[in-house]
Amino acid sequence: MIALDLLGIVIPVFVCAIIGFVWAKLGKAFDSETITGLTVQIGTPCLVFDTLTRLDLSLQDFGTMALATAVAVGGFGALALAWLHLSGMDRRTFLPALMFPNSGNIGLPTCLFAFGDRGLALAVSFFAMMIMLQFTVGIGIASGRVSWRTIVTAPVLYAVAAAIPVMAFDLTIPPVAGKTLHLLAGFTIPVMLIALGVSLAKLEIRSLGDGLAVALARLLIGFGIGTAVAWAFDLPPVAAGVLILQSSMPIAVFSYLFALRYGRRPEAVAGAVLQSTILGFISLPIVIYLVRFAGLPF
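Residue 250 in our numbering is what sits at position 250 of the sequence shown, and the numbering runs on without skipping anything.
Worth flagging that the hints you see were computed from the coordinates, not collected in a lab.
Computed Cβ-Cβ distance ranges for the label pairs, DEER-style: (1) ASP90 to THR34: 32 to 38 Å; (2) ALA294 to ARG145: 41 to 47 Å; (3) LEU55 to ARG91: 37 to 43 Å; (4) ALA29 to PHE169: 45 to 51 Å; (5) VAL15 to ALA168: 34 to 40 Å.
All residues carry an ideal CB built from backbone N, CA and C; glycine is no exception.
Build out the structure end to end from the sequences listed, making use of the hints.
Here it is in C-alpha cells:
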C-alpha cells in the first residue's frame with residue numbers, strides 16, 4: 001500500500017517531465033521563451049497569490065516557513081562552501097547549484113501530491129522565499145555582483161506582497177477575481193514540469209565527472225540541512241515534511257542558466273542538473289517515505 005502511495009506521488013511528476021523531454025527529442029516546436037515568460041510572469045504569481053489566500057495558511061505559518069527556508073539556504077551555503085573547498089571545485093560555478101534546489105518545477109507538485117493543498121501552500125511559501133534569494137544571492141555569486149533590480153521587478157514578489165494583507169486581515173477576494181486567478185494558477189504546475197523536461201532535453205552536456213559529484217552533494221546536503229532545520233524549528237509534521245522535501249530537490253535549472261550567462265563552466269553545471277534530476281527521481285520516493293510514513297524528523 002505504501003509503495004502504491006509513493007508511486008502515486010512521484011509518477012505524475014515524472015510523466016509530465018517525460019512528456020516535455022520526449023517532445024523536445026522528437027523535434028516538436030516548443031517556444032521556450034514564450035512559455036517560460038507566461039509561466040514566470042503570469043502563472044507563477046497567480047499560483048502564489050491564489051494558494052496563499054485561498055488555502056488554509058495563516059500569516060504566521062507563512063512567516064515561519066519563509067524564515068526556515070532562509071535558514072536552510074544559509075545552511076546549504078555554509079556546508080557547500082566547506083565541501084567545495086575540500087574538493088577544490090570553483091565556488092562561483094557550483095555554489096548556486098548546491099544552494100538552490102528545484103523547489104518550483106519539481107518541488108511544488110511533489111508537495112501537492114504528498115501532502116495535499118496544505119502541503120502546496122507551505123511549498124509555495126518555501127518557493128517564494130527561494131526565488132527571492134536565488135535571484136539576488138544566486139545571481140550575485142555567479143556574476144560577482146548583486147542586482148536588486150532583478151528581484152524588485154519579479155512578479156512573484158508583488159504576488160507575495162499582495163497576499164500578505166489578505167492573509168493578515170482575512171480579507172475576501174471578489175469571486176470573479178478569485179476564479180480568474182485560480183484558473184490562471186491551474187496551468188502553472190503542469191506547464192512547469194513539461195518545460196523542465198524540454199530544458200533537460202536541450203541541455204548541452206560535455207562534462208559529467210564533476211557534475212555527478214555536485215549532483216550527489218546537492219541531494220545529501222539538502223536532505224541533511226532540511227532535516228536539521230525542521231527539527232530545530234520544531235515544525236509540525238506537514239510543515240517539516242514540506243521543508244525536508246523542498247530542501248532535498250535536485251539542482252534548479254536556473255543554476256545552469258546563471259552559469260551559461262556568466263561563463264561559469266555551463267557544460268559542467270548542465271551535467272550536474274541532469275544527473276541530479278535523474279537521481280532525484282530515485283531519491284524522492286525514499287524522502288517521501290521518511291517524511292510522510294516514518295515520521296522524520298521526529
